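2 protein chains.
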Amino acid sequence: MNRTLILALSLTAIGTLQWAVAQDRHLYDGFKLVDKTGSLRKPADYRETYQILGTWTVLDPKGNQMHYTYASPGAAEYFRRNKKFADGTVLVKEINATDHATMTTGNANWSAATQVWFVLIKDSKGRFPNNPLWGNGWGWFLFKSDAPDKQVATDFKKDCLQCHVPAQADDWIYVKGYPVLHTK
Amino acid sequence: MNRTLILALSLTAIGTLQWAVAQDRHLYDGFKLVDKTGSLRKPADYRETYQILGTWTVLDPKGNQMHYTYASPGAAEYFRRNKKFADGTVLVKEINATDHATMTTGNANWSAATQVWFVLIKDSKGRFPNNPLWGNGWGWFLFKSDAPDKQVATDFKKDCLQCHVPAQADDWIYVKGYPVLHTK
Chain A
5 MNRTLILALS
15 LTAIGTLQWA
25 VAQDRHLYDG
35 FKLVDKTGSL
45 RKPADYRETY
55 QILGTWTVLD
65 PKGNQMHYTY
75 ASPGAAEYFR
85 RNKKFADGTV
95 LVKEINATDH
105 ATMTTGNANW
115 SAATQVWFVL
125 IKDSKGRFPN
135 NPLWGNGWGW
145 FLFKSDAPDK
155 QVATDFKKDC
165 LQCHVPAQAD
175 DWIYVKGYPV
185 LHTK
Chain B
5 MNRTLILALS
15 LTAIGTLQWA
25 VAQDRHLYDG
35 FKLVDKTGSL
45 RKPADYRETY
55 QILGTWTVLD
65 PKGNQMHYTY
75 ASPGAAEYFR
85 RNKKFADGTV
95 LVKEINATDH
105 ATMTTGNANW
115 SAATQVWFVL
125 IKDSKGRFPN
135 NPLWGNGWGW
145 FLFKSDAPDK
155 QVATDFKKDC
165 LQCHVPAQAD
175 DWIYVKGYPV
185 LHTK
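Quick note, the sequences are listed as chains A and B, same order.
So the first sequence is residues 5 to 188, counted in this note's numbering.
So the second sequence is residues 5 to 188, counted in this note's numbering.
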């Protein structure tokens, strides 16, 4: 191998790496969080590396909540293009308590401690037909703040699905609350 | 130059590039949005590439609002480490109208059309002492939805500062509403 060839191959390698970096947002594969039995690890870095889809503020006399929904990189761009979520997309929904105060803009509410996390992963292929946490095109998981890394749902139909029934036509997701799925 | 040296240098280049990629989140320089007179372009891609710091829901009988605050990549990580914002950090605060409905979780509010954008850039060096949009350690900018790319503030002391006075001790930013500045 002559030196020109080595240099050319090396430059090709650099170019490939740069391309991979540029495409990185499109390549997120949530199944790296899933083991062969269908258990899922909550992504440790979602606040740093995922993008916000939207926030819900639920007004309740017993205590308001703010729900932050994060999506894995590239999820919104794919959705805008294809009108559906990509296989392997991960959604993390933080349920947070709130604080509030009269501030310069009025009666302002903001998120305080996280209470629970719902984590969904899009599964277009029906990978785990015998695992009760998988079904209807998604894997469904629940983590609570007293043990943030311990998955505690046992059956997605009992623990998760009821709240999503009204959104069935939108693949079980309340997409209207997520502006970035519609406009960049 | 022999082929071993060329190969070694090439591998070093790849290694450097990989390091640069890994560090990319720390290298965001908002001043690429600023021209030599101190005008700032609103970042086009903040919904895709910035991270959410937090959402404020302002309850108002005349119409609730949701304020989404985004920060440029690496901002939160730097803040957690240094207890201040890095020079060149960009914050984008979207002021959104809201919709609401009784949903499975209760009286849920979510963000609708964006009304205005406040954009701040951290300037630790007092770069534009004679520009009335710069001062108190930041550049202050305002864009409205009728012309989303047209900056319309004329004097940060009149157009922006009043609402931030209560947060002066925190470098003019309401950091308590931004959990990720405190916990990853």
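Since the hints were derived computationally from the structure, they do not count as laboratory data.
Here the structure is a predicted model, which is why all the values come from computation and not from measurement.
We put the CB at the ideal spot given by N, CA and C, even for glycine.
Among the hints, a few may not be true.
[What the hints assert, rightly or not] Which chain B residues face chain A? A few, computed with CB under 8 Å, are given here:
| # | residue |
| --- | --- |
| 1 | 43 |
| 2 | 46 |
| 3 | 58 |
| 4 | 70 |
[Unchecked claim] With a cut-off of at most 35 Å between alpha-carbon atoms, the simulated DSBU-like pairs for lysine-lysine come out as follows:
| # | chain 1 | residue 1 | chain 2 | residue 2 |
| --- | --- | --- | --- | --- |
| 5 | B | 154 | A | 148 |
| 6 | B | 180 | A | 180 |
| 7 | A | 161 | B | 148 |
| 8 | A | 87 | B | 88 |
| 9 | A | 180 | B | 40 |
| 10 | A | 46 | B | 97 |
| 11 | B | 148 | A | 148 |
| 12 | B | 129 | A | 180 |
[Said to hold, decoys possible] Computed beta-carbon distance windows for the label pairs:
| # | chain 1 | residue 1 | chain 2 | residue 2 | range |
| --- | --- | --- | --- | --- | --- |
| 13 | B | 33 | A | 117 | 30 to 40 Å |
| 14 | A | 136 | B | 151 | 44 to 54 Å |
| 15 | B | 170 | A | 141 | 44 to 54 Å |
| 16 | A | 136 | B | 156 | 52 to 62 Å |
| 17 | A | 133 | B | 169 | 51 to 61 Å |
The hints, checked one at a time:
no.: 1; hint: 43; result: violated, 23 Å
no.: 2; hint: 46; result: violated, 13 Å
no.: 3; hint: 58; result: holds, 6 Å
no.: 4; hint: 70; result: holds, 6 Å
no.: 5; hint: B:154 to A:148; result: violated, 44 Å
no.: 6; hint: B:180 to A:180; result: holds, 28 Å
no.: 7; hint: A:161 to B:148; result: violated, 44 Å
no.: 8; hint: A:87 to B:88; result: violated, 40 Å
no.: 9; hint: A:180 to B:40; result: violated, 41 Å
no.: 10; hint: A:46 to B:97; result: holds, 28 Å
no.: 11; hint: B:148 to A:148; result: violated, 40 Å
no.: 12; hint: B:129 to A:180; result: violated, 42 Å
no.: 13; hint: B:33 to A:117: 30 to 40 Å; result: holds, 34 Å
no.: 14; hint: A:136 to B:151: 44 to 54 Å; result: holds, 53 Å
no.: 15; hint: B:170 to A:141: 44 to 54 Å; result: holds, 47 Å
no.: 16; hint: A:136 to B:156: 52 to 62 Å; result: holds, 55 Å
no.: 17; hint: A:133 to B:169: 51 to 61 Å; result: holds, 59 Å
Checked against the numbered hints above, the structure violates hints 1, 2, 5, 7, 8, 9, 11 and 12; every other hint is satisfied.
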